[in-house]
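Visitor: Place chain B on chain A using the hints.
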Amino acid sequence: MDVSLTLVIIMAVLFAAGVYAMMERSLTRVLIGFLLLGNATNLLLLIVMGVPGKAPFFGEDGALSDPLPQALTLTAIVITFAVSAFLLALIYRSWQLGQADTVEDDEDDVALRERTDAEDEIIEDESTPGEEEATTDFLETETSPITVLNMRDYAYIRDDAPVDVPDGASTGSANHAEGERDEEDRP
Amino acid sequence: MSALVPLVVMLPLLGAAITLIYGRNPRLQMLVTAGTLASVSVIAAILLATVDGSGKPLAVSVGGWPVPFGIVLYVDRLAALMVLVSSIVLLAVLLFSIGQGAADGVEETPISIFNPTYLILAAGIFDAFIAGDLFNLYVGFEILLVASYVLITLGSTESRIRTGAVYIVVSLVSSILFLAAIAMIYGAVGTVNMAQIAERVAQLPPQTQLVLHLMLVIAFGIKAAIFPVSFWLPDSYPTAPAPVTAVFAGLLTKVGVYALIRTETQLFASSDINTLLLIVALATMVVGVLGAVAQAELKRILSFTLVSHVGYMIFGLAIATEAAIGATVYYIVHHIVVQTTLFLAVGLIERKAGSTSILRVSGLMKAAPLLAVLYFVPAINLGGLPPFSGFIGKIALFEAAAQVGTPLMIVLIMGGILTSLLTLYALMRAWNLAFWREGDDFSEIEGRVGYLGKAPAADVQQETRRIPAIMTVATAGMVAVTVSLTVFAGPLYALCDRIGAGLLQPVSLVQIDQEAG
Numbered sequence: 001m002d003v004s005l006t007l008v009i010i011m012a013v014l015f016a017a018g019v020y021a022m023m024e025r026s027l028t029r030v031l032i033g034f035l036l037l038g039n040a041t042n043l044l045l046l047i048v049m050g051v052p053g054k055a056p057f058f059g060e061d062g063a064l065s066d067p068l069p070q071a072l073t074l075t076a077i078v079i080t081f082a083v084s085a086f087l088l089a090l091i092y093r094s095w096q097l098g099q100a101d102t103v104e105d106d107e108d109d110v111a112l113r114e115r116t117d118a119e120d121e122i123i124e125d126e127s128t129p130g131e132e133e134a135t136t137d138f139l140e141t142e143t144s145p146i147t148v149l150n151m152r153d154y155a156y157i158r159d160d161a162p163v164d165v166p167d168g169a170s171t172g173s174a175n176h177a178e179g180e181r182d183e184e185d186r187p
Numbered sequence: 001m002s003a004l005v006p007l008v009v010m011l012p013l014l015g016a017a018i019t020l021i022y023g024r025n026p027r028l029q030m031l032v033t034a035g036t037l038a039s040v041s042v043i044a045a046i047l048l049a050t051v052d053g054s055g056k057p058l059a060v061s062v063g064g065w066p067v068p069f070g071i072v073l074y075v076d077r078l079a080a081l082m083v084l085v086s087s088i089v090l091l092a093v094l095l096f097s098i099g100q101g102a103a104d105g106v107e108e109t110p111i112s113i114f115n116p117t118y119l120i121l122a123a124g125i126f127d128a129f130i131a132g133d134l135f136n137l138y139v140g141f142e143i144l145l146v147a148s149y150v151l152i153t154l155g156s157t158e159s160r161i162r163t164g165a166v167y168i169v170v171s172l173v174s175s176i177l178f179l180a181a182i183a184m185i186y187g188a189v190g191t192v193n194m195a196q197i198a199e200r201v202a203q204l205p206p207q208t209q210l211v212l213h214l215m216l217v218i219a220f221g222i223k224a225a226i227f228p229v230s231f232w233l234p235d236s237y238p239t240a241p242a243p244v245t246a247v248f249a250g251l252l253t254k255v256g257v258y259a260l261i262r263t264e265t266q267l268f269a270s271s272d273i274n275t276l277l278l279i280v281a282l283a284t285m286v287v288g289v290l291g292a293v294a295q296a297e298l299k300r301i302l303s304f305t306l307v308s309h310v311g312y313m314i315f316g317l318a319i320a321t322e323a324a325i326g327a328t329v330y331y332i333v334h335h336i337v338v339q340t341t342l343f344l345a346v347g348l349i350e351r352k353a354g355s356t357s358i359l360r361v362s363g364l365m366k367a368a369p370l371l372a373v374l375y376f377v378p379a380i381n382l383g384g385l386p387p388f389s390g391f392i393g394k395i396a397l398f399e400a401a402a403q404v405g406t407p408l409m410i411v412l413i414m415g416g417i418l419t420s421l422l423t424l425y426a427l428m429r430a431w432n433l434a435f436w437r438e439g440d441d442f443s444e445i446e447g448r449v450g451y452l453g454k455a456p457a458a459d460v461q462q463e464t465r466r467i468p469a470i471m472t473v474a475t476a477g478m479v480a481v482t483v484s485l486t487v488f489a490g491p492l493y494a495l496c497d498r499i500g501a502g503l504l505q506p507v508s509l510v511q512i513d514q515e516a517g
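Note that the protein sequences, when read in sequence, are chains A and B.
For the record, in the first sequence the residue sitting at position 91 is 91 according to the working numbering, with numbers rising by one throughout.
For the record, in the second sequence the residue sitting at position 31 is 31 according to the working numbering, with numbers rising by one throughout.
No lab work stands behind these hints, which were simulated from the structure alone.
Relax, there's no trap hidden among the hints.
Stretches of chain A that chain B covers, calculated by requiring three or more beta carbons in the stretch to come under 8 Å of a beta carbon on chain B:
1) 25 to 37
2) 45 to 57
3) 67 to 79
4) 84 to 96
5) 108 to 114
By construction, the Cβ of each residue, glycine as well, lies at the ideal position given by its N, Cα and C atoms.
Isolated chain A, as found in the complex (with noise of 0.2 Å):
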């Protein structure tokens, strides 16, 4: 089967980016590492579909490509789609509650953490940036693109998202619970 190395490498490309962005802290820059590799993996499908440039089902024998790994392509193009939908209202919503997009750490890990640092003052928070020599880029950089205001200084922007209520429920108790609630979840 003869492929094209240049789709080899832009795929090789968008999968390495990709894979380096997903490891970030940020949701958003997880969500565009999650675009690349989705891009990365219908390029990989188009690559195994032979030599590019030919259509399927319309031609003379043996110039024609294979019309399926275009199907699955499509496919895939539109459950990334939705899931980066899904996404992008994940992290609207976690910009809502104050959490500045990033993914929060294990509690296990933060109550191991803990314990550790009872016993042993010298061990400092694994997230302090700048303290320790730096074995990956990502201790130095700062992540979050999108704090424009910091949530928590402005105690009148609350959620004020609508809360999903049949008939008849009364929906202004519903959302003065729902704060009510974030305020005990609020550490």
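Guide: Below, chain B alone, put in the same frame as chain A:
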């Protein structure tokens, strides 16, 4: 009979559409959802009876395309059994969530999106079980994953968004890996039909086989939560609403295990990574259960035991004899039912006591004797005490391993017994503290188990809530199902043995073609 096969996926999707349209009519939504799941379980029972009676799998080519080109739905004994068990579990959990929704209003389960999403999740699970082609399996996975993203962030509170983000990102990575694996398999063998892949893969060079095989195993391994890639599960499941956690714990990891079974026994039967799988299984069992021992919160304890017990299934799969595969299937059925029941029971404890931390809850034995029974029976079942199904499943696995008898097998049997005892320890410690301890007795907490005080969520205390009768009934029904796995262990185990024997005989494309034609 084969006309019934597509209905397994179509009915839930149709139900989802109807419940979405009637989003403002909760009663109709519940009726439609319950009716859909009940009819799927009836269909699954008919399919299982047909397939098991004739001994031949059913195959349907969707849209009438000839077999290697079109999408094939493929139902053998294993697929029919999995659809049956999961539809029963989904129905019981639905009843539980109806009770919860009726008691709490819309906060925990916003009804207008809960029901459609739940049905779409069901459709994805069923589609993955009856997929006869690898890309359709991928689509089934995506349907269930997207629905699970919505369910795990339900209500979008701060803690659920936090844990949901982790779950979603991990799932995305595994999906991308799976899709890339499909692309590479297509590049290597030129088909996505599972039977045809199995025929052609054997002709590939062993190294190519190994690469393709490992890519699939890693992708499915993330979904099944096996050891090196299981870290996401205990952090993301506990924060979701109780019914959602129950259904995720019971079914989602098992879909991953099911895909692994198909990969190992059918797709890549010629490529042997059993030693690797045995080591991974040992690590999954032991590391998972050690995590459970260090936790104070019941949902987290159960999430860790969930990881650890997936290890048993991988263990059985890696032994790769007929008896072992049969035992694995029995263990999967047992574990789906028991793990879901335990999560439902913990959901009841949370309402009754206002907390799921075993340091906070006490005196439940007196306060709620029925609840005590509903927790105790599945707990000793999961821990593997005779005569329950957990014991039958484990003893069958160990027996199959002992028949092979290599030193590694002996090590794994030891690991399995250790895991079983530690599971029992973790669950019985919870029993002692939450149920048997008097309300004002703090000597244990300050003494021997004091180290648990620093575990996550050990101090969470919320208001207590009323338990509606329907939630108790749903949980009691599930406990009855767990007990019936023991009572009907004979016929069920015989069926699992036939599944084990059937899975190790490759299905040819010609056979599927005849069935579908």
